[in-house]
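Peer 1: For reference, the chains in residue letters:
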Amino acid sequence: MSKKVIHAIYDDEEILLNSVKSLKSQGIDITEVFSPFPIHGLDPVLGLKETRMAITSFIYGCIGLSFGGLLIYYIMISGVGKSWPMNIGGKPNFTFYQNLPSFVPIMFECTVLFAGHLMALTYFFRNKMYPGSTSTSPDPRTTDDKFLVEIQIDNNEDMIKSILNETGVLEINENYE
Amino acid sequence: MYKINKNISLASTIMIIIGVLSCIMAFWLDKGGDHPFNNAWTNILFNNYFFLGISLFAVFFVALQYVAEAGWSITLKRIPEAIMTFLPYTSVVMLFIVITAALHFGGNHIYHWMEPGIMDQFITDANGNEVLNPNYDKIIAGKEAYLNIPFFLIRSFIYVFGWIYCARKLRSLSLSGDLEGGIGEKSYWKSLKVSGWFIVFFAVTSSTASWDWIMSIDTHWFSTLFGWYIFSEWAVIGFASILLISLLLQKQGYLKNLNDSHIHDLGKFLFAFSVVWTYMWFSQFMLIWYANIPEEAAYFYDRIYQSNYRFLFWFSMIINFLVPTIFLMSRDAKRNKTILIIVCSVVLIGHWINSYLLFAPGTLKGEGNLGVTEIGVALGFLGFFIKVVFSSLAKRDLDIKHHPFLDESKHLHT
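Protein sequence lines, in the order shown, are assigned to chains L and R. Remember, my numbering sits 260 above the position in the first sequence when you count from 1. Remember, my numbering sits 803 above the position in the second sequence when you count from 1.
Hint data in this document are derived by calculation from the structure and do not stem from the laboratory. None of the values given here were measured: they were computed from a predicted structure. A virtual CB, placed ideally from N, CA and C, is assigned to each residue, including glycine. Careful, some of the hints might be misleading.
As the list claims (entries may be wrong) - Result set (BS3-like, lysine-lysine): computed pairs, CA atoms no more than 25 Å apart in a straight line:
1. R:1190 x R:972
2. R:996 x R:1190
3. L:309 x R:1071
4. R:1140 x R:1054
5. R:1059 x R:809
6. L:281 x R:1213
Claimed, not checked - So these bits of chain L aren't anywhere near chain R, every CB distance computed over 12 Å:
7. 269
8. 291
9. 300
10. 314
11. 348
12. 351
13. 390
14. 436
As the list claims (entries may be wrong) - Distance windows between CB atoms, simulated:
15. L:373 x R:953: 50 to 56 Å
16. R:1000 x L:383: 39 to 45 Å
17. R:1110 x L:297: 56 to 62 Å
Construct the complete structure from the given sequences, taking the supplied hints into account.
Peer 2: Structure below.
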């Protein structure tokens, strides 16, 4: 059997923020907030953990840097480069470090490419936004101009409703998760 | 109101005395070579350039905030406004050096292209016949339309007076905004207008000034991105000094509205411009390395293959890039005051060494040495800088009272 939830709908993010604050201060569980745009200051109120995206970005950048280095090493020095030596401004062939300045742009671009693309892909998969996925938003109006707060009910329906009404909710819908 | 700490004032006085003594020592010790006082003149010129960059960037910072209609920086606006009061002093020294170079006064032979007769192909000998000039330099003669003494001096005066005019205007308008009351709207629009003109003026003059005062030392050599390279260096040292002064004032209990987010934002700028500087450095280096044309490569040959510059060259490049990149990468580091103070100091020292290398290999060839007199003169400039900037800070209330974006800045949260 699925649980009963309340969907409280707002039309202003400031009102929503205050409402979420007072709900949290009463110790009520908020499952999810749906909004058409990011709301400044909502994350700490909801008690969400800080994103680890920066760490993944660093790791992907390191992968890109090493990939770029290995790629250019194979192409210019060890692999293909052995049978097809390139003349770079008369510089000595078959040494990585002596030709390093000309390899830096490639390594730099690989770092940016890997960090950027892999971060975007990570973001999509982390939010379950792969091809064929359906929206988890219970109300299509949250993609336009309405904000929705999903609240878990735990035998305290009346208290939740009274708090919501005090803080200026637009409408309250009951639903099953 | 801000009150100057007694220790700071004493320390700056001592530093000024050290600076004056080092200056005398520099001229006293410097007697060898073809041009006896080149070492001392280079010493003063590069130190002056370093502090000119810091104070000029402060003007640019304030103007940029107006033009971008940025609100975050309002609570710390008094700091760049105080730093820009040092601009007239460095400008006077700069003009003094430039004029003495033009007159060859006091053994000032910093600009090689100013040597008399270097652009004349023929001279008249003792018998009145036209003969080939042995000192004739064809490449320098080709640049005569731009590099001639009257035009050079006129340009220098235009830069300096344009910058100082805008700096004074922005500073006085900021004060009138505080007296105006309300949200200080009238002086805000006036400042916006001045800032717009300054940004346009600065866009051209920051490039041409660096060509004139720095690039023309290595007269045969030129780099098309030299102006941006110098600008990015000014940005790094400018942000480092704004950051250091705001941390110092915060530690002394001033600037109550300054929170961690402001410091974080300044840290981001320091990080970003350090990377921009490296990008410019490398773009300049790589193209010259790749093409390997003797005329261009001579510039790096002087810096890399002469033993007295070699270490400084790589050392300054590496610490200016690696220290800010590694230590300021994470969010927490940009909010950690100890890390910020260390990185700012390292970056300032690194760029000081780098600015020595902009001048010395050109003026002194292989004879330059970064030694005690250079550090002494730098301390003198630093003491003078501290004295001027902190007494300007003390002249006004550090907290801005009336500004359209003041509220936004107070509640800055990133």
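Peer 1: Residue 996 (chain R) and residue 1190 (chain R): Cα distance at most 25 Å?
Peer 2: Since the Cα atoms of residue 996 (chain R) and residue 1190 (chain R) sit roughly 31 Å apart, the hinted pair is violated (cutoff 25 Å).
Peer 1: Do residue 1110 (chain R) and residue 297 (chain L) keep their Cβ atoms within the hinted range of 56 to 62 Å?
Peer 2: holds (60 Å)
Peer 1: Take a quick look at residue 269 (chain L) and tell me if its Cβ sits farther than 12 Å from every Cβ on chain R, holds or violated.
Peer 2: The claim holds: residue 269 (chain L) sits with its nearest Cβ about 27 Å from chain R, beyond 12 Å.
Peer 1: Closest CB-CB distance from residue 351 (chain L) to chain R, is it above 12 Å?
Peer 2: violated (8 Å)
Peer 1: Say whether it holds or is violated: residue 314 (chain L) keeps its Cβ farther than 12 Å from all Cβ of chain R.
Peer 2: Non-interface label on residue 314 (chain L) violated, nearest chain R Cβ at 7 Å vs cutoff 12 Å.
Peer 1: Can you confirm whether the C-alpha distance between residue 1059 (chain R) and residue 809 (chain R) stays at or below 25 Å?
Peer 2: Roughly 22 Å separates the two Cα atoms, so the pair holds.
Peer 1: Starting from residue 281 (chain L), check that the Cα of residue 1213 (chain R) is at most 25 Å away, please.
Peer 2: holds (22 Å)
Peer 1: Taking the minimum C-beta separation from residue 436 (chain L) to chain R, is that value above 12 Å?
Peer 2: holds (38 Å)
Peer 1: Is it true that residue 1000 (chain R) and residue 383 (chain L) lie within 39 to 45 Å of each other by Cβ?
Peer 2: holds (43 Å)
Peer 1: Far enough from chain R: is every CB of that chain over 12 Å from the CB of residue 300 (chain L)?
Peer 2: violated (8 Å)
Peer 1: If you check the beta carbons of residue 373 (chain L) and residue 953 (chain R), does the distance land in 50 to 56 Å?
Peer 2: holds (52 Å)
Peer 1: Is the Cβ of residue 390 (chain L) more than 12 Å away from each Cβ in chain R?
Peer 2: holds (29 Å)
Checked against the numbered hints above, the structure breaks hints 2, 9, 10, 11 and 12 and satisfies the rest.
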